[in-house]
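Asker: Each chain, letter by letter, is given below.
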Amino acid sequence: MSLSSFVAHFHGPPARAEGGKEVIRVGILGFPNVGKSALFNALTGGEAKVANWPGATVEIHYGYAKYAGRLIEFTDLPGVYSLGEGGTIGEIVKSYLLLQRPDVLLVLVDGTNVERTLSLALQAAELSDKVVIAITKLDLAHSRGIHVNVEGLSRALGRKVVPTSVGWGLGLEELMRAIVEVHESRRGAPLRVDYGPLEPYLAEISSKLEQAELPSYLNARWVAVKLLERDSFVERLVGERAREAVEDAREMGVEVTRALGKEPAGVIAEARFRRSLSIAAGNVARSTLRLRRAERADKLMLDPRLSPLISAAFIFALFFAGFTVNTGFPLNVILSSFGFSQLAELVDKYNLAALMEAGIGYAISLLERLLEDSPEWARSLLIEGVVGGISVVLLFLPLIFTIALMFALLEDSGLAPRFAYGLHPHTCKVGLSGHSLFPAVVCLGCNVGGLMAVRASPNYAERLKLYLLLPFLPCQARLIVFLALAAAVGSLVGLVGILVTYFASISLVALLSYLLDKIYKSSRPIMLMDIPNLHMPLRRVVWWMAWSTTKHFLYRTGSVIFIGALLTWALSSFTPSLEYTSDPSRSIAAHISKALVPLFEPIGIEGEKSWMVIYGLMAGFVAKEIYLSSMAVITGIENPIEAISSLGLSEATILALMAFIALYIPCLGTISVIYTETRSVRVALTALVLSLLTGYVVAVAVYHAFSLAAL
Amino acid sequence: MEARPLSQFKEGEEVVIRGAALDEELRFRLYYMGLYPGSRVKVVRNDGKYPVLVEVHGSLVAISADLAHRVFAERLGGEKQ
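Top line first, the protein sequences correspond to chains A and B. Residues 3 to 713 in the working numbering are what the first sequence lists, from first letter to last. Residues 1062 to 1142 in the working numbering are what the second sequence lists, from first letter to last.
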């Protein structure tokens, strides 16, 4: 993506807030796991807004704080190890720093590991004098016997250093005071790191750059280091004004590699880390403490024999607990299959979704009474269209919140990377990284929640793959339809059909993923990540992360679902001449279904009532549960199982339908969440078409296989 | 002493990173994480198919086996652990 389109696409915070108040714009920079979210949350009081880089599936939070009559705007940048990092994340961070240009840069240094994380603060100080450094996690550092000499660090870096702890609520005021002071201070000099054997080259490039009249915020030495490091972003940034310097730097890079046997990027990283290590050596003291409980637990978590078991058990336990509270599934199925049908009924009745549904049902009955005198179309629009659409979104909410909460707990505690480590060699066999088991398991309950958890995978190509493939995993709503179809076909064949469907869907995901892995190298599951220390998650941070995800779902995905639900209502409530009808068989949807009948003949759907099957499939696009209720409405038979039986479908056709329902796009919510997470209509449409085609091909194959077997 | 793939070192061995046969984006990321040529790291766990765990300047880093085959290092000092 070009630089200008990057800037044009950043729907970020406004440059100046309203009310004429002065705004100090602050970018928060730090390593991954340095405690950025926690500090950002504490500074902004949890009131964050989301900015997006389209197509990048990267969200950037920003929020405000007031201090001493100033408004401070904090932008929480994605975690990076260096400003030299490439890829989408690196480009985003650099375009914020160099094109959007914050007034002050707040760099976070991990109080439990100063020596390594200080390297990024050095880079920031080399770029600019308007830098404040926060030492994070002071509470954890303290409990580990680590003592940081703040004044010494500040002297060594020539920048203000503020010790902080979100857990203790320490250092927040001081941080804001430091930001205001640095903002209002006179300009100082950038920090100078000694790059040893590269110095003569840097001097030459710098002098060329000084003649090129670069903008004043770029100091020539910093740019020279970046050019020698082959930073393509900086090359593009200064390319027009300083083409010669860029080309010279490239040639020098080749020369350096030949002369030193190391490329400049490596030499530069080494020089920076040496400087951070020596600064830390003089200013950080460690007293040895005995192994803490967390570290003993860690020995188990990182043991190759135990780790995959512990990880999988943990993920399945979370899945089981979270879903049972929300929907009753899978506890209800287990209870009833062991003969405890009364207990199963209790679980079915007293779960969040059932209680909400009861509430919505009550609201609808009230509304019906209120609207008794209004015309039929208005009643239908309000109750079936608007309230129906809203309730689809509302019913998702508690589940999304629960999944977001689990996700935040895993991420913030440091458990998520440990699970990924333990599962990686096993998931790799089907071309997925260890990050993918959690979203995949959640998908067995609900595809919408599972796809929201896909963010856990750090690799963009893998995330794309998961968005396309995971919707093939049958969720609980599809199970309900399977059970009804199974009952319609007779219980034994039906039950075997359900088991085969589950087995086949999971195998299909594994197979497709494996094949994609063989074809596209970019989605190959690699793992290169920090494993942060295990620690008790901060309640406030976890809560905020879960709430912010839920809010995001409600506003963005929710509105797409709502609009889709309204459209579907319109299709089934109006005739092709746009008159309102309460008879679905006269609706636009019925006409479309009838037109589509020939397409479904290969799975044996024929005869007078054949279009009803297709009508049901169309209704099932909104949510699979609706498939059953729509079959009841369209056939006029209240019991959905009898409704399906009344269509006179053969066993082979019902089994083919089961395969189709297992594979075609599970619901409007799934498509909406793929779109809102990727911000790409193309990806969402690809998922839709892929699922329809796969479902169709498999359904035809199932039909023919069973028709042959029946002969 | 000759550089060998990181995946061949045993737990507890201390090594010096020499380089990586990876594409530029990954190779540079490795440098920025602290695994630059000349960096001293300690192999904390290496069980073949599992990601190799190394301690880099006080942090634990996981490197999947396929990457660890293409990162080269030399053992630090003479004696075996």
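Honestly, I wouldn't trust all of these hints.
Unchecked claim - With a straight-line cut-off of 30 Å between C-alpha atoms, the simulated DSSO-like cross-links for lysine-lysine are:
#1 B:1071 - A:301
#2 B:1110 - A:301
#3 A:523 - A:264
#4 A:51 - B:1110
In case anyone wonders, no lab produced these hints; they're calculated from the structure.
Asker: Evaluate each hint against the coordinates.
Answerer: Against the structure, the hints come out as follows:
| no. | hint | result |
| --- | --- | --- |
| 1 | B:1071 - A:301 | 17 Å, holds |
| 2 | B:1110 - A:301 | 18 Å, holds |
| 3 | A:523 - A:264 | 27 Å, holds |
| 4 | A:51 - B:1110 | 42 Å, violated |
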